[in-house]
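Chemist: Now for the letters of each chain:
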Amino acid sequence: MRRCLECAKKEPDCPCLECKYFIQQGPLRRVPSPPIRILLEDEQGKQYPADILALNTTEFGLQTEAPVPGRYVIKLQESLWVEVAGVPFKGKNNVHVFDILCVHRRQGTASRLNNEEYQLLIGSNGELVAEISRHLPEHLQDLVREKLLAELEKSELISALRVGKVLKYEGGRFRYLSGQADLDLPMEEAEKLMRQATRHAEHRREVIISANGQKVFDLHGVPFDHRSGGLLAFDVTEVIEKERKIHRQEMEAYREAISAVTGGRLHLVNGEEAKRLLSEGVEIAKGEARQAHDIPEARRALRGSLPGIDSRRQHAIALCFSEALTNALKHAGGGCWQVIRAGDAVRIIVQDRGPGIKTSELARATLMQHYSTKNSMGCGFTLMLYYADYLYLNTGPSGTTLALDFGNVLTDKLNIEKTD
Amino acid sequence: MLKVAVDAVPGVRRVMLNGELDMETVSLLHEVVREGDEDTLELDLSGLSFVDSTGLKGLLDINNNWQQKGGQVLILHPQPDVAEVMRLVGLDRLLAQNGALAGEER
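So the protein sequences, as listed, match chains A and B.
Going by this note's numbering, the first residue of the first sequence is number 1, and it counts up by one from there.
Going by this note's numbering, the first residue of the second sequence is number 1001, and it counts up by one from there.
Hints listed in this document are in silico derivations from the structure and should not be mistaken for laboratory results.
Among these hints, one or two may not hold up.
As the list claims (entries may be wrong) - Not the full set, but computed from the structure, chain B residues with beta-carbon under 8 Å of chain A: (1) E1020; (2) L1088; (3) V1089.
We put the beta carbon where it would ideally sit given N, CA and C, even for glycine.
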């Protein structure tokens, strides 16, 4: 809905129908071809035919005899109707701009078309879905259309997409239907997806990274029959980049929070910092843990490498070592370990190639007592936080590195603020 | 490595633990205490030199299982390092409710 600053200030609930200070929403773009025939219905129930010549998510450009200004309802589907108001200027040959006041859907109302509805009208999804259901018996068409649209809506990325492309697949060949023609898709992957979709007669979805790693595509394969189907491709590179940025910001926030609540003892570190942790001090023992039996063996090797350290301290280090190895074994199927010595100080490092700790679970996994994603008491981290002087954790989809310091190892190089 | 010696007195199963209780050995302990119709399970930890969170989880499970079938578990004579770890994770409180950690003070 277009609102002018003046009206919005004076009467926030009232649309400015006859006001000359309209805020421009951007040009009316996307011309459906051929124009879509609809009916405008006024408050008295009188109907006027109209053609949608152009639209964006907040306005329609309609050719109609319906008088403007005036309010109308447009029924687009059984469960989707739009309230519009004609804008009484800039009209030529009975072409007028109609502001979208309210979109009524089965799930609620909104002041603009959502992406699926917009796509439905401009043709890409709608055309495809119509194409898909055209060959079906009449009584099934609506049902199938509704199902397919619902399937498309399931793609959580779809509403954030910027550009898309729709192709028809038939017997191993693709034909361009609509959307952004110059979108350079990974066709080999697309064909594989379509083969699977048509073979199994079900919707298939895959997120594919282009060969050069520059683009990320969200591909949807919708089968028509056993040899043909529709391919919807969306360039979601920007969306992914945005997600990554949010993830980085989240990690930064966690990093600060976790460091603060542990009195500066537990640090989330990035990959580079984790590498530096490995390079400090002198390595005095190392090994791997692949099965439960390796854990007591590793503890023995650790204790053997720590002569001259009193038994209480040895016990504390061995306990933390045991916890770190058990975590690696339980969550990642094993890992490798190192013991580093720098003077009186000891650092133990355990690395695994598991799926990592999810950001959303990080705080709970590291700080909350008795929390664990695997069935264990989950107090491993509690014990490590108690006995180790400093903990460094690097975790991600390619693995987890945990370094535990007992005493001050040469961590000044790490550029991490210390409390003592 | 964990060695377990079982001593059956009428109504009481007395289990002596010698060695280390962790991911490798916890299943052995479960084996030993699973079957039985005694009212009381006594776990003597005086020979237990090491326990980690996985071992403690085992002790907790055993305690809960025995309580569920109406029995009780007494955990006796933990070495200082083991007693400290139990206290840190709140397990001493859990077991002390049944007087199960009575041995620690002796």
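Chemist: Given L1088 of chain B was flagged as interface, is its beta-carbon under 8 Å from a beta-carbon of chain A?
Modeler: holds (6 Å)
Chemist: Hint validation: V1089 of chain B versus chain A, beta carbon distance must be below 8 Å. Holds or violated?
Modeler: Since the shortest Cβ distance to chain A is 4 Å, the answer is holds.
Chemist: Grab the minimum C-beta distance from E1020 of chain B to chain A and call the hint holds if it beats 8 Å, violated otherwise.
Modeler: Given a least distance of 6 Å, the restraint on E1020 of chain B holds.
Checked against the numbered hints above, the structure breaks none of them.
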